[in-house]
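Protein chains in written order, with the working numbering: chain W, 37 to 378; chain B, 37 to 378.
Restricting the straight-line Cα-Cα distance to at most 16 Å, the calculated cross-link-like pairs of lysine to aspartate or glutamate (EDC-like) are:
id, chain 1, residue 1, chain 2, residue 2
1, W, K225, B, E108
2, W, K328, W, E367
3, B, K311, W, E289
4, W, K312, W, E276
5, W, K311, B, E288
6, W, K313, B, E289
7, B, K328, B, E360
8, W, K312, B, D285
9, W, K313, B, E288
10, B, K311, B, E284
11, W, K328, W, D160
12, B, K311, W, E288
13, B, K311, W, D285
14, W, K312, W, E280
15, W, K311, B, E284
To list a few chain W residues with every Cβ distance to chain B over 12 Å, as calculated:
id, residue
16, D39
17, D51
18, E63
19, P78
20, S86
21, T90
22, G92
23, A93
24, D94
25, D130
26, D157
27, I236
28, T240
29, R355
30, E365
31, E371
Bear in mind the hints are in silico, worked out from the structure with no lab data behind them.
C-beta atoms are modelled at their ideal positions from N, C-alpha and C, and glycine is treated no differently.
2 protein chains.
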Amino acid sequence: MSDEPAVAIDAMGGDFCPLEPVRGAAEYARETGRRVLLVGHPDAIRKTLSHCHTEGADLEIVPAAEVIGVHESIASIRTKRDSSIHVGCRLVRDGLASALVSAGHTGALMAISKVVYGLLDGVDRPALPAPMPRRGGGYTILIDAGANVDCRPEHFRQFAVMGHHYARRVFGVENPRIALLSIGEEDSKGNDISRQVSHILRETHVNFIGNLEGNHLFHDRADVLLCDGFVGNVVLKVSEGIAEAILEDLREEMVKGPLRRLGALALRPVFRVLKKKMDYAEYGGVPLLGLKKISVVAHGRSSAKAIQSALRVADTATRVGIVEQIAREIEVLHEAEQRLGG
Amino acid sequence: MSDEPAVAIDAMGGDFCPLEPVRGAAEYARETGRRVLLVGHPDAIRKTLSHCHTEGADLEIVPAAEVIGVHESIASIRTKRDSSIHVGCRLVRDGLASALVSAGHTGALMAISKVVYGLLDGVDRPALPAPMPRRGGGYTILIDAGANVDCRPEHFRQFAVMGHHYARRVFGVENPRIALLSIGEEDSKGNDISRQVSHILRETHVNFIGNLEGNHLFHDRADVLLCDGFVGNVVLKVSEGIAEAILEDLREEMVKGPLRRLGALALRPVFRVLKKKMDYAEYGGVPLLGLKKISVVAHGRSSAKAIQSALRVADTATRVGIVEQIAREIEVLHEAEQRLGG
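Bound-form chain W, shown alone (with noise of 0.2 Å):
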């Protein structure tokens, strides 16, 4: 066994806890030999792990009283100190595990794992990176995806800098291309924070290429591209929406007949790489950015698989020290600013 800490698990998150946590857990075990720590309530991950494989897989449960439901306000979760999130997030704190995991509540997790770790000095709002599959292969990463709804521009060179890092290396870009989204390629469009944003952003060392449209974001044009919080929400949902819409229309349409069965039948390894490239389980989870430790935000919908993912994730983040990496860059940016400034 190694010295290294073991990887954390909400085994209370997600739309099919405990048992897709638990599944997932189990075998991202045994597959790597990795130590998973599942948290929460002791008698239901006992009882779903007794119907799980965990032969060899090195696993432990650590117990948690509480559990965030899906729709309970901020100011709820903050009393909930026992929850599996709040336990998770503090055995990351403590050095007991590298990372958190959790399919659950995106904005408790983001909530307790900034109280618990702490932003990182110079970082004023943890960033959510999503990465969208585009054509030919690849993502371009949307950030910020959801954490931050009301943004300042300076709040945009931060998600800059934290995106390149990610982008460099998790995704292993060299020189990752940075690009505002705007309504309209030009400088001069988009609206008044936007049109702050292309300027200062200019000034900063990341790869800033310029404003890109909403379309742009399925083609290989960047590689990272910044937004507020509300519109990467409203952009991530509208594409998953459209996706899944696009999906049920064409499942509903190919029964329509034999002919149509068989070709559909014929086609089936089509559909099955458009599935896989719009399925979350591909890439599992996103680690927010800018804090002191890791949590890793898993769709709500995760199955074992997407667990998986997500906790391989969490594992390459420690791994390349995203979050030495960004603390560095971020120092940078803030000295710049100071000389700047003075």
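Starting from the known structure of chain W, fit chain B onto it as the hints suggest.
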């Protein structure tokens, strides 16, 4: 020949001008017996007409010396007082045409229409509605889809009233459900402005049903979805982008091998349905709302068929008296506000 004024088309607007606008106009004129004014360079129009089937079409060329390019700034647009859009708007203002259709520079059409026609009393900004096709048929009308980037809460109230009448009169929805696009269904979710807007909308007489999220756009949840023009433009382009990306992916995958080709052949009607659903040519164009006269925005990539649909939208908007309806309703809103204020 009727006494009804003609309808005008900007022959110099759109990616495929003058060919597609002129062809679409000729076909519309032939089909409906309507008189259509073709506004633009007489030589270019005449040359294009010589390749069109114009027998029995009541067409007239109205010369306009200048053309507005797609990327021109609003400042340079204002000086081009002989552009096809300027000339077209003046025809409408002076009662020589009932409406102008243009597939050209949307911002220019908006700015020029606003100056030439004027805004209705009580309307601060014209709004652009975008009908988004949803599952199971029908449309959710997104308003504002790109006209107004920085909106105050009172603008949303005006969008609500205008969207209500557009859905009612043009789409025949008896009591349109109006919702606000946000990042959670609770009133407390959203950004500063969306929280203020939910509050204000609860006090108007439109059928406000609360907040909806991005994915709800494609389901039968609301008839009108309110957002500011920055978000609306992003949503529109993201939707276009992802739908295109999916169809392109499908097309690419479907020709890989003879079995897939056969399958694709069998499913051709399915893809036709899908493509038709996402095709702008189907609804063609949308009227700018809140002005004293009618201008219809057609998609930049409009085909002749899309232009025909846009001309039909222009005639429908005229026939149902959309301008008068909105004028009356905004007046009621205004009076109610004054009563509340006093």
